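Asker: Whenever a hint applies, use it, and build me the whole structure from the sequences.
Read top to bottom, the protein sequences are chains R and C.
Using this note's numbering, you'd call the opening residue of the first sequence number 249 and step up by one each time.
Using this note's numbering, you'd call the opening residue of the second sequence number 35 and step up by one each time.
Honestly, the hints are just simulated from the structure, not real lab data.
Given the structure is predicted, the values throughout are model-derived calculations rather than measurements.
The beta-carbon is built from N, C-alpha and C at its ideal position, and this holds for glycine as well.
Be careful, since some hints might not be right.
Said to hold, decoys possible - Part of the chain R face toward chain C, derived, beta carbon under 7 angstroms:
1) ARG255
2) THR256
3) GLU547
4) ALA553
5) GLY555
6) ALA556
7) THR557
8) PRO641
9) VAL642
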Amino acid sequence: MWLLALRTLRFRWAGFIAVFTAMFLGAAIVMACGGLLETGVRMAAPPQRLAGVPIVVTGQQTRDTTDSTGSSGSTALGERRRIDPGLLDTVTAVPGVGSAIPDLSFPATVVVGGRAVGAGSNGHNWSAAGLTPYRLTGGAAPGSGEVVLDTGLAADAGATVGSGVQVTVRGTLRTFTVSGIARQDTGWSLRPGLFFSDAQARQLAGTDGRLDSIGVRPAPGVDLAGLERSVARAVASAGGGTATVLTGERRGLAELPGALSGQRTVTILAAVFGSWAVLIVLFGVASMLGLSLQQRARETALLRAVGATSRQVRRMVLGETAVLSGLATALAVVPGRVVGESLYRQLTDHGVVAREITFHQGWIPVAVGALVAVAAALGAALFAGRRAARTEPVAALAESTVPGRWLTTGRLLTALLLLAGGAGLSVVTATVMTDGPTLASTAGPASVLCSIGLALLAPGITRAVVTAVGRPVRALSGLSGYLALRNATTQHVRTGSAVAPIVLLIGIAGGTLSMQSTEDHVSARSRALGVRAEYALSSSTGGFAPGLLGAVRALPGVAGASELVDSTGFVDAASHGDTVDLRGVSADGARQTLALGALNGSIEDLRGNAVALSRAQAKSFGVRVGDTLRIHFGDGAAADPTVVAEYGGDPDPGDPGRPGDPGEQYLLLPADVLAAHTTTGLPTRILVRAAAGTDPARIRSGLDGLAAGLPGTAVVDHPAVAGPGRQIQQILAASNYTIVAMIVGYAAITVVNTLVAVTRRRRGELGLQRLTGATRAQVLGMLGVEGVLVAVVATVLGTVAAAATIVPYGLVKAHSALPQGSIGIQLAVTAGALALILGATLVPSWRGMRTPPIETVGSGA
Amino acid sequence: MRTRGNERPAVAVRLEAVEKTYGRGDGAVAALRGLDLGFDTGSFTAVMGPSGSGKSTFLHCAAGLVRPTSGRVLVGGTDLADLDERRLTELRRNRIGFVFQAYNLLSSLTVHQNIVLPLQLAGRRASRERVLSVVDRVGLADRLDHLPGGLSGGQQQRVAIARALVTRPAVVFADEPTGALDTRTAAAVLALLREAVTVGGQTLVMVTHDPVAAAHADRVVFLADGRLVGELHRPTADAVAARMTRLGAWEDDPVPAGPASSSSAASFDAGPGGGR
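Answerer: See the structure below:
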């Protein structure tokens, strides 16, 4: 049967283009997801600044958790966990350690003429220069009040050995003398670096002496693997599980605090996206194979008549599919990598994953992706082949092919299962799921399952709908309408096969696009709702010194100002692994600058060991004002702050903020308390609210004046406040566009393929109509009405399927069953589907009608 | 008469009291009503009858494509009712050949590949000489690598005949093999079929409505209303046409043996009730 399969493929290659494209796209996407998954699992960041030492001891970037059910897990931290300086002695004492080098990094910026030079530059202790290594090209090591600049920074700043430079660290401008200039030859373009003496660096970093990392250089001749083990043992016994030992590619993580927090997003995204792709490959390939088999049903019957067993027919279909999917998968390897990289670039561009994490798509995800894609295709072929194998050989002798019973038990069961699954996911989304990164993972597939289920039942539903709309259509469209209706009713299987792919198109595309527009709309609204401040000062040089808030408040026309620290952390009462947005604010400015709604308790008490949270959160964590709440900061430190206020849930009419509003999912903490547990250690923004009736120009100029004195500070109008956690959801939703593009492509191919095939097969019938006196225009009119009927049925079914996603997603996100935001996209999808239908029906018919009708009558095929 | 009179004729295919009813209840249609027919090895029989007489159903049942509602079908002594679907298919490809009116060939395969397809399906090696002898007989030796799309209707039908003969089946069923052909091409195809019987010793059963085609057969059997209503030996086109005209006029009546002589191999059956 292989020969036959190959011959058929070669001879009928045009008919297999659609199947091939479906497999190709699917395989590429499955492989890309495999790559994302591998990247997420590995989280490999090649060491750059720490490349000079083989072993790095750094703070554990995950937190081990145990939830109420006793299952334990590990959650990535959002901030750098620093290590105890005592560990330096512990590591130095390990036999085989040549030297242990402390490493400190903190934002430090060279200022020339009032402007910051060298974006993203960091200050380090001079001994850390050996970790890269940096070597002096001139001058000497820094002493107190001195700094060594890297070559690039020195050039940008126009500094030479002996000259003075202004450096801003922790919001304070100081002058240092350049004692030397250093360069590194790792080949990486590192962030610009400033090196201070170790004592001064410790003081400038403001970390109470704690270290970022320790680089370990082995003594000569020491076995590295053995040394790693003994260092790890020593660290484990001394560090109490808060420090970890990194080697090889993972050393880079020590340079990227919080990088691991992207791991969960990447893996979730890869899994969600990958499983959708598999589902779509399965259905796409099955439906297109089914169509191609239907088109050569007579050949199959002939094969059966001359002695092919059912099994041989099945094997032939499998053989064809195996060859096709093998080819498609092989060709998809390179595009799969491109897709994977572009998906990953999306993630890094949106800051979900640190840019430094390298994308890995090794042979394992490619092989697994290829296997999954081929297996999905073969599964689909098994399904389609069963049908083909049932072909009665006697059909080869029949004058015309009688359409078989379309509703088999298997089909009905599959459809019902899919619909039940979709409805189940829908209900779960609406009732069980909370607004979080995983919401899209149940909401999205609901419409996919429902679409496929409805598409399977399309012939029956088509007949019912056509019967229902019969009278009005007939009244509107006269004879063409009458003929179209007769055709749609008697040939409901044929019409149904045209409806099915369009249901998929509208259902899945509509569902995901609405999810996206709801997400966009809600985040935009909650960002706008959450903030009352009109202005913000924003620092790109590591944050503001504590004194600045007072200076801002002292500006004329300022009604209130608050520092703002963004971080993520954990509430132990929440299910483990769920991060919570933490927002550090000033107790006496929060009310004026943030939209907190009605308050229980007093936000002015938010000082020291205190926390405020939304009413919805208080309810779900089971705390009230006066209770303590066990939390962990982004650096893993635990705290038990007292609840001093509950915010939000304002029942005021006209205030759209309601309990559970997505904008109300952050904990408020005192800015200074929270800042101490972040990587930068300082608030990076100050929110400013103008007093009523103040001239905006006046307050703006005051702020501009302040900013001018602090290099690297920008004044922002209408600041938005979005916690880091929210971005993940936006990314997940943003990836929907890729999914939709894929599905639209798939569905468009199927729609065109189906309709062109159907229309071709009807040439004889159309010729007959013309022979009996119908003009071309009348025939085209009839086909047009049929097309519109198909579009109407498909739109209704597709919308029902899309609702399985839209309604629960909207209920959770926005407390509304209707999609939020613009409906233009859905209208465009529907209009596009209609254009496809009419184009794919009318163009081939019109072309077909250029041949005299007498030649097409009786040609049948 | 070209049948081998000196040998005791073995029966290649036998139908015994075959009934076939399509549908159920009120919609039930009886296509065959107790048909008894036998076909000698090495004979060429034409089956005729007006539309709806059951000749297609007869062919489907005799060839094992459709299972009869009741009665027995024996091919080379094997009762088809004893075979499951797979064995039935195997029997079909080893013992039975088909020639249809149209849609005969797989358009993706060359002439040669089409001809050897039944052998390949059976997992048998196509011996070169056997294929060549068949190809020679149908006169297509120079077109083996052509695709069917480039052949004329008559040539396509020859390929189909070659394919039907290549397995050396016990019986070849032909369903209107000349229905789509012009008179001259049809004559050539019929001559080819005749030759398969005369030279190759094959058994041939041909359903047709064309008296001229039927005249090439040794024997013509007439069906009407699902029953055997008569037969002609050594037919002429005129005699067949005359009989067909009568059948058309008295479609529901059993026709007495009349001018046709009774056959020893195929019993004449007027039906138990003597007709309606």
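Asker: Please check whether R:ALA553 passes as an interface residue: C-beta within 7 angstroms of a C-beta belonging to chain C.
Answerer: At about 6 angstroms, which falls below the 7 angstroms cut-off, the nearest Cβ of chain C leaves the hint on R:ALA553 intact, so it holds.
Asker: Let me know if the C-beta of R:ARG255 comes in closer than 7 angstroms to any C-beta of chain C, holds or violated.
Answerer: holds (5 angstroms)
Asker: Verify the interface restraint on R:THR256: the C-beta must sit less than 7 angstroms from at least one C-beta of chain C.
Answerer: holds (5 angstroms)
Asker: Against chain C, is R:ALA556 within 7 angstroms by beta-carbon distance?
Answerer: holds (5 angstroms)
Asker: At a threshold of 7 angstroms, is the proposed contact between R:PRO641 and chain C supported by beta-carbon distances?
Answerer: Result: holds, 5 angstroms to nearest chain C Cβ.
Asker: Checking hints one by one. Is R:VAL642 an interface residue toward chain C, by the C-beta closer than 7 angstroms rule?
Answerer: holds (4 angstroms)
Asker: Does the closest beta carbon of chain C sit nearer than 7 angstroms to the beta carbon of R:GLU547?
Answerer: Interface hint status for R:GLU547: holds (6 angstroms vs cutoff 7 angstroms).
Asker: Could you check if R:THR557 really has its C-beta closer than 7 angstroms to a C-beta on chain C?
Answerer: holds (5 angstroms)
Asker: Using 7 angstroms as the Cβ threshold, decide whether R:GLY555 counts as touching chain C.
Answerer: Holds, about 2 angstroms.
The earlier numbered hints are all upheld by this structure, with none contradicted.
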